[in-house]
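K.L.:
Now for the letters of each chain:
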Amino acid sequence: MTSVTRSAVEAGLHSGKRDWTGMVAALALLATLLLSLGILFVLLGDIFARALPVFAERGLDFLSSPLSARPEQAGVLQGIVGSIILTIFVVVLAMPIGIAAAVYLEEYAADNRLARLINTNIRNLAGVPAIVYGLLGLAVFVTTLGMGRSLLAGGLTLAILVLPIVVITTAEALRAVPQTIREAAFGVGATRSEVISGHVLPYAMPGILTGTVLTLARAFGETAPLIMVGAITGVFRNAPENVGELLQGPFTALPTMVFAWSKEVKDEFRALTAAAIIVLLVVILAVNAAAILLRNRYDRRW
Amino acid sequence: MSIKLAPPVTEPATTPVAIRPASLTSPTAVTPEPADPAEVVFALQDFSCYYGSFRAVREINLEIERNRITAIIGPSGCGKSTLLRSFNRMNDLIPTARVDGRILYHGVDLYADGVDPVEVRRRIGMVFQKPNPFPKSIYDNVAFGPRVAGFRGDLAALVEESLRRAALWDEVKDKLKSPGTSLSGGQQQRLCIARAIAVEPDVILMDEPCSALDPIATLRIEELMKELREKYTIVIVTHNMQQAARASDTTVFLTMGEDRAGYLVESAPTEQLFTRPTNELTEQYITGRFG
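Line order of the protein sequences matches chains R and C.
Letter by letter, the first sequence follows residues 378 to 679 of my numbering.
Letter by letter, the second sequence follows residues 76 to 366 of my numbering.
Hints are supplied without guarantee of correctness; some may be wrong.
Stated by the list, open to error - A partial selection of chain C residues facing chain R, derived with a Cβ cut-off under 8 Å:
id: 1; residue: Val-193
id: 2; residue: Arg-197
id: 3; residue: Met-201
id: 4; residue: Lys-205
id: 5; residue: Arg-270
id: 6; residue: Ala-271
id: 7; residue: Val-274
Claimed, not checked - So these bits of chain R aren't anywhere near chain C, every CB distance computed over 10 Å:
id: 8; residue: Val-469
id: 9; residue: Thr-557
id: 10; residue: Ile-558
id: 11; residue: Val-565
Hints in this document: simulated from the structure, not taken from any laboratory.
Since we're looking at a predicted model, the values are computed, not measured.
C-beta atoms are modelled at their ideal positions from N, C-alpha and C, and glycine is treated no differently.
Could you build the full structure based on these sequences and the hints that come with them?
P.N.:
Written as structure tokens, this is what we have:
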């Protein structure tokens with residue numbers, strides 16, 4: 378810069394240069410976004426178009442009918458019931474155990490080689506393909522423990538499948554609570570358990586809830602492990618008289634039904650498959666929406 | 076002279092087993108005895124603190140007297156905060172931290188076997204560098220300490236009294252239900268002071284309490300410290316030499332040795348330390364020639 382006259386500044390400030398690289402990058406990024414959204418919308422549109430006649434003709438009957446070999450009578454009731462009960466298993470088993478394990482690992486365990494080994498293993502377990510959990514469920518619950526191809530075996534398998542993910546998301550939520558908050562609580566003479574129950578857990582709860590509710594959606598959508606442990610892909614009839622019979626009886630789940638119907642020879646099942654996919658999507662969207670609402674409700678700043 | 080270098084020889088009469096009152100190891104709270112102006116609250120004897128193999132403070136001998144404001148000054152990284160956090164065993168939260176030597180609190184070794192750090196912290200409260208109110212209501216921020224201490228009585232009155240003593244009551248009395256985090260930085264720090272005094276501690280440790288505050292809020296905290304001195308013993312770590320000069324009765328100067336361990340250079344009544352330092356390092360530091 379030589380002189381700082383008005384005209385020199387004027388010319389300098391109106392350089393006429395444009396950030397071409399930046400504009401190209403922004404366009405490329407927008408294109409990738411539109412591409413992925415486009416694929417999604419094409420898929421959804423196709424499924425909606427196929428499913429619409431089913432809902433138009435059958436209405437609620439589709440939701441309240443059991444499985445059937447005759448497409449005009451087949452419905453998703455057993456799938457919805459199975460999926461809901463499987464989800465309850467996950468809520469009742471995986472969440473308390475997973476949250477407790479994470480609290481131990483983050484707040485109590487010393488940072489030694491054993492704890493690091495366990496942490497690494499949990500991370501690896503979260504990455505193990507679901508089908509492997511299916512094999513585990515088949516070997517342990519169905520065969521060794523003699524539960525057979527029952528709802529119980531399916532629920533336990535799904536609970537074990539999501540357990541590592543619950544531990545990881547909970548641990549991350551606990552780690553997000555600032556150390557200064559723990560020090561503040563310790564500083565007025567709180568014990569470790571008072572610090573955790575009075576502060577750390579409540580403040581981490583939105584994160585824990587969001588993370589674990591999302592794992593619920595994951596469990597809801599799993600197919601492979603359920604087929605491994607014997608979710609019914611054909612037709613079954615059950616009229617359990619009590620909870621015990623229900624849990625020991627045969628079962629199916631929404632994603633399993635989607636899988637089964639998509640393989641059916643009769644053409645009418647194409648539309649049923651699409652309709653079942655819509656039901657599955659609606660339920661998973663509802664679960665995700667609940668997670669977002671929970672998070673917003675408990676959102677806080679430090 | 077309110078602080079002097081403790082004699083290096085350990086008095087045989089103060090063995091921890093012989094004189095440790097039962098209250099430190101049991102959960103029953105005991106209010107400290109009435110103040111005796113010359114009473115020594117903390118006596119450090121060859122106290123060192125390590126993080127792993129690194130020695131952060133080295134062989135400190137120091138006495139801190141009751142109802143005084145003692146300022147700890149020194150260059151960054153000289154272990155001021157480490158030393159302060161040793162007074163209420165806050166360093167226990169760092170897994171690699173360990174100590175050597177002794178800190179006698181009213182004659183009881185804080186690091187002796189069987190001393191419950193929870194009981195230590197109930198008597199020796201702390202205010203931190205960054206205001207760290209709980210993300211709860213103003214009321215609950217103050218009430219948490221008394222609640223976990225098993226306070227039976229008029230909690231609302233105690234909360235009001237604590238907020239008054241922290242000079243915050245008039246500003247928050249109409250919004251006790253609003254979150255503590257909604258206050259301004261200076262108010263948050265006074266809330267943290269109210270939280271600390273709500274459990275009726277004996278000592279309040281302050282770790283650079285004004286470093287995140289503007290000058291006006293800083294002055295309010297300093298005035299508040301002078302009022303609180305009537306009732307409590309205050310130890311404050313500060314980066315700000317003017318603050319030490321303005322607000323403390325006694326000043327302790329630490330610096331770092333070749334081994335990067337902090338050690339005590341000089342401790343003296345504040346006025347004396349800032350006008351007639353006996354050590355050359357102190358003089359260089361307070362005149363701004365290093366640090």
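K.L.:
Each hint should be assessed against the structure and marked as holding or not.
P.N.:
These are the hints, each one checked on the structure:
Against a cut-off of 8 Å between C-beta atoms, the interface hint on Val-193 of chain C holds, since the closest Cβ of chain R lies about 5 Å away. For Arg-197 of chain C, the interface hint holds, the least distance from its beta-carbon to any beta-carbon of chain R being 3 Å, beneath 8 Å. This hint holds: Met-201 of chain C has a C-beta 4 Å from the nearest C-beta of chain R, less than the 8 Å allowed. Annotation: Lys-205 of chain C was flagged as interfacial toward chain R, and the flag holds, the nearest CB pair being 6 Å apart, inside 8 Å.
For Arg-270 of chain C, the shortest C-beta to C-beta distance to chain R is roughly 6 Å, which falls under 8 Å, so the interface hint holds. Among the interface hints, the one on Ala-271 of chain C holds; its C-beta lies about 7 Å from the nearest C-beta in chain R, closer than the 8 Å criterion. For Val-274 of chain C, the shortest C-beta to C-beta distance to chain R is roughly 5 Å, which falls under 8 Å, so the interface hint holds. Listed as outside the interface, Val-469 of chain R is consistent with that label: its C-beta sits roughly 29 Å from the nearest C-beta of chain C, beyond the 10 Å cut-off.
Here Thr-557 of chain R does not stay apart from chain C, with its beta-carbon only about 4 Å from theirs, under the 10 Å limit. With a least CB separation of 6 Å from chain C, Ile-558 of chain R falls inside the 10 Å interface cut-off, contrary to its annotation. A cut-off of 10 Å between C-beta atoms contradicts the statement that Val-565 of chain R is not in contact with chain C; the least separation is 3 Å.
Figure legend: structure checked against the earlier numbered hints; hints not met, in rising order: 9, 10 and 11.
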